[in-house]
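Let chain G serve as the given structure and place chain H with the ligands on it in line with the hints.
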Amino acid sequence: MTKTPVLEIRDLQTHFGAREGLIKAVDGVSMTVNRGETLAVVGESGCGKSITAWSVMNLVPKPGKIVGGSINLYDRNGGSVDIAALDPKSAEMRAIRGARVAMIFQEPMTSLSPVHTIGNQIVEMIRLHQPVTKKEAEAQAVRMLDRVGIPKPTERMAAYPFQMSGGMRQRVVIAMALSCNADLLIADEPTTALDVTTQANILELMKELQAEHHTSMILITHDLGVVAEVADEVAVMYLGRAVEQTDVFTLFDHAQHPYSRALLGSIPELGKTRGQRLTAIRGMIPHPLNRPLGCTFNTRCPMAIKGACDAVEPDLIQTGPHHHTRCLAYQNGYTHHFDKKPEGAMRPSETIGGRAHV
Amino acid sequence: MHIYIFKRVLMMIPTLILISIVAFLVIQLPPGDFLTALTAGMEGRMTPEEIAYLRERYGLNDPMWLQYWKWISGIVFEGDFGYSFQWRRPVSELIWSHLGLTVLISFVTLLFVWAVSFPIGVLSAVRQYSFSDYFFTFIGFIGLATPNFLLALVLMYVGFKYFGQSVGGLFSPEYQNAPWSWAKLGDLMAHLWIPIIVIGTAKTAELIRVMRANLLDELHKPYVATARSKGLGEMRTLIKYPIRIALNPFISTIGWVLPSLVSGAVITAVVLNLPTTGPLLLGALRSQDMYLAGSFILMLSTLTVVGTLISDILLAWLDPRIRYQ
Ligand SMILES: Nc1ncnc2c1ncn2[C@@H]1O[C@H](COP(=O)(O)OP(=O)(O)OP(=O)(O)O)[C@@H](O)[C@H]1O
Ligand SMILES: [Mg+2]
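Here the protein sequences come in this chain order: G and H.
Each residue of the first sequence is one higher than the one before, counting from 1 in this note's numbering.
Each residue of the second sequence is one higher than the one before, counting from 1 in this note's numbering.
Okay, chain G solo, but in the shape it has when bound:
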């Protein structure tokens, strides 16, 4: 089956004009989500995963702003719209939010309004995008609640979020997000706040629903086990950039970028990775206001070459049929600097072991 993209982010730049200076939270992110697939986005805290997601919703929090690049959303007929070029407040953008791109947040405790019933909140979503009566919308909401495994869905419509457990609430949020049959679902750490068993159930549910509705998904996570289990593709982000994107198998077995390799460094093998956190990497993440010249990873990279990596910004290079890497070692004209390909150059012992919050 050939892959057709549903979302193509090209060279996205989202900056925050803070008082201390310009923070380039997202600075040249490119990634592609294929129809019906799940793209996992991984990377250390603060590397811009959430801001990328917000950019796709065109809801970047103030004082942030999309200042460059494109976010093309494709429909099933091959037509496309560049979200980055739309006015965040325009009716066109609002018609996309919820209907074509929906979002699930990390905190099921606070992502629903505490003073409105869950029925009210789901029905609102449905009626925003579909020309149905209140009765029909309610029936639809009950069906969705039933589908995500809420017992007694009809009665639950009148419940308030604080009357439900975290897991149940996250089910409600999922039901709501999928109630308009969005093409693309963005889930920003959807299970982080839940206990392990609930996490597994919710992930299972998301996978099922995704298969049923042929939804594509961007899944932001810190959990490599989740990546291994759910993702088709993986994008690795570092300091506001996507440094590598490929399918999940290739990434786990043949990661190319030294940063990806360091992240995956301590994972023994695919399949035994549930709950496994990304490894901590030696050195400090540079301050967002003080990005290194050249490759942003060169200050921590074990194979950085003086005079090249700290001077030249690498491009995102296609290194295989489904493989893109942003590293000079793969860039024409620079490969000769590196006596070995980075692949295999770094052993787990070179990374700082232990579970760490990345």
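Hints are computed from structural coordinates only; laboratory data are not their basis.
This structure is a prediction, so every number in the text was calculated from the model and none was measured.
Be a bit skeptical, because a hint or two may be false.
[Claimed, not checked] Once the Cα atoms are required to be at most 20 Å apart in a straight line, the calculated SDA-like pairs of lysine to any residue come out as:
no., chain 1, residue 1, chain 2, residue 2
1, H, 240, G, 128
2, G, 207, G, 188
3, G, 89, H, 234
4, H, 240, G, 117
5, G, 65, G, 77
6, G, 3, G, 75
7, H, 221, G, 61
8, G, 62, H, 151
9, G, 62, H, 69
10, H, 161, H, 151
11, G, 89, H, 128
12, H, 240, G, 63
13, G, 89, H, 220
14, G, 207, G, 196
15, G, 134, G, 188
16, H, 221, G, 117
17, G, 89, H, 239
18, G, 89, G, 120
19, H, 221, G, 114
20, G, 65, G, 91
21, G, 135, G, 157
22, H, 240, G, 188
23, G, 62, G, 75
24, G, 24, G, 63
Relative to chain G, chain H with the ligands alone:
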């Protein structure tokens, strides 16, 4: 909901009893009583026998608890608030007309305070650090810092000089003792704005801060982001979610705004010469006219308790988390 209201009303009873005891104790606290205050002013003109007779007649020799019981049982069972020594009239004759106007002024002031502070608070929060935010913050601090009596004097001057109003009071002289009519009501309205602004300004400034802070807290909660991510327009998002939720603490202010409006009104009422409870209460406290003073304090405290009750019921109605606690 009904059970909640019932419980809340039931809880008022002990509160009210406690308040009545405290009110009574407070007016008894200063040394001496009305007769010592009275005779101090007319040295030698009253024989000790006369004083002893009066003391006996007004029950001033009874033990404290008996005095309290006579007073409170009279109020509860007969609506008899006792006798004002100073005015030589039953307290109930004095209290109602003044209390009515006090309630009217406090209530209208509260509406004024809400009506002004709510939209400004919302605007300041939604447009945080904008020109209008700074502007209203500035005005607000001035409002907070200006003493009521000064504002009263300034507004009286303005009202007199530019609107040709009779200064002070709630009625022009020609309506003072006239029966109620539309014209008299209009006259009242024309006079009412000065005390309302005077009493309400500081509270308005305070509530703007409250509303602004509440809303700023809510604006960045994830449920607001959820609403936006559904495709809801910005205006509808704000009104349905964060503003609605920020309203709860705002509503609960009714409980503490009402008493402070009533007490804040005392000074203003003296300056503006308003026929409200303020000046009368002040006089009663000075001359140790205990039944009058006690009844006023009791009635005003009751008003506060009722205000709190209303705000609690409103809150429960607005916020399911309270309703289902
Ligand atoms: N409101 C803001 N104002 C200024 N800078 C911001 C703001 N929000 C985010 N940033 C910047 O954007 C960068 C990326 O933030 P983002 O939330 O996307 O990180 P993340 O990858 O999602 O991290 P995490 O894994 O912790 O969720 C941060 O380093 C921060 O400096
Ligand atoms: Mg994040």
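Now for the hints, and whether the structure bears them out:
1. 240(H) to 128(G): 14 Å, holds
2. 207(G) to 188(G): 15 Å, holds
3. 89(G) to 234(H): This hinted pair holds, its Cα atoms lying about 8 Å apart.
4. 240(H) to 117(G): 13 Å, holds
5. 65(G) to 77(G): 30 Å, violated
6. 3(G) to 75(G): Holds, because 14 Å separates the two Cα atoms, which is no more than 20 Å.
7. 221(H) to 61(G): Holds, because 12 Å separates the two Cα atoms, which is no more than 20 Å.
8. 62(G) to 151(H): Distance of about 40 Å is beyond 20 Å: violated.
9. 62(G) to 69(H): Violated: residue 62(G) and residue 69(H) sit about 64 Å apart, past 20 Å.
10. 161(H) to 151(H): Holds. Residue 161(H) to residue 151(H) sits at ~15 Å (cutoff 20 Å).
11. 89(G) to 128(H): 19 Å, holds
12. 240(H) to 63(G): 24 Å, violated
13. 89(G) to 220(H): Holds, because 18 Å separates the two Cα atoms, which is no more than 20 Å.
14. 207(G) to 196(G): 17 Å, holds
15. 134(G) to 188(G): Violated. Residue 134(G) to residue 188(G) sits at ~30 Å, over the 20 Å cutoff.
16. 221(H) to 117(G): 17 Å, holds
17. 89(G) to 239(H): Holds, at roughly 16 Å.
18. 89(G) to 120(G): 24 Å, violated
19. 221(H) to 114(G): This hinted pair holds, its Cα atoms lying about 11 Å apart.
20. 65(G) to 91(G): With a Cα-Cα distance of about 19 Å, the restraint between residue 65(G) and residue 91(G) holds, given a limit of 20 Å.
21. 135(G) to 157(G): Holds: residue 135(G) and residue 157(G) sit about 13 Å apart, inside 20 Å.
22. 240(H) to 188(G): 24 Å, violated
23. 62(G) to 75(G): 29 Å, violated
24. 24(G) to 63(G): 12 Å, holds
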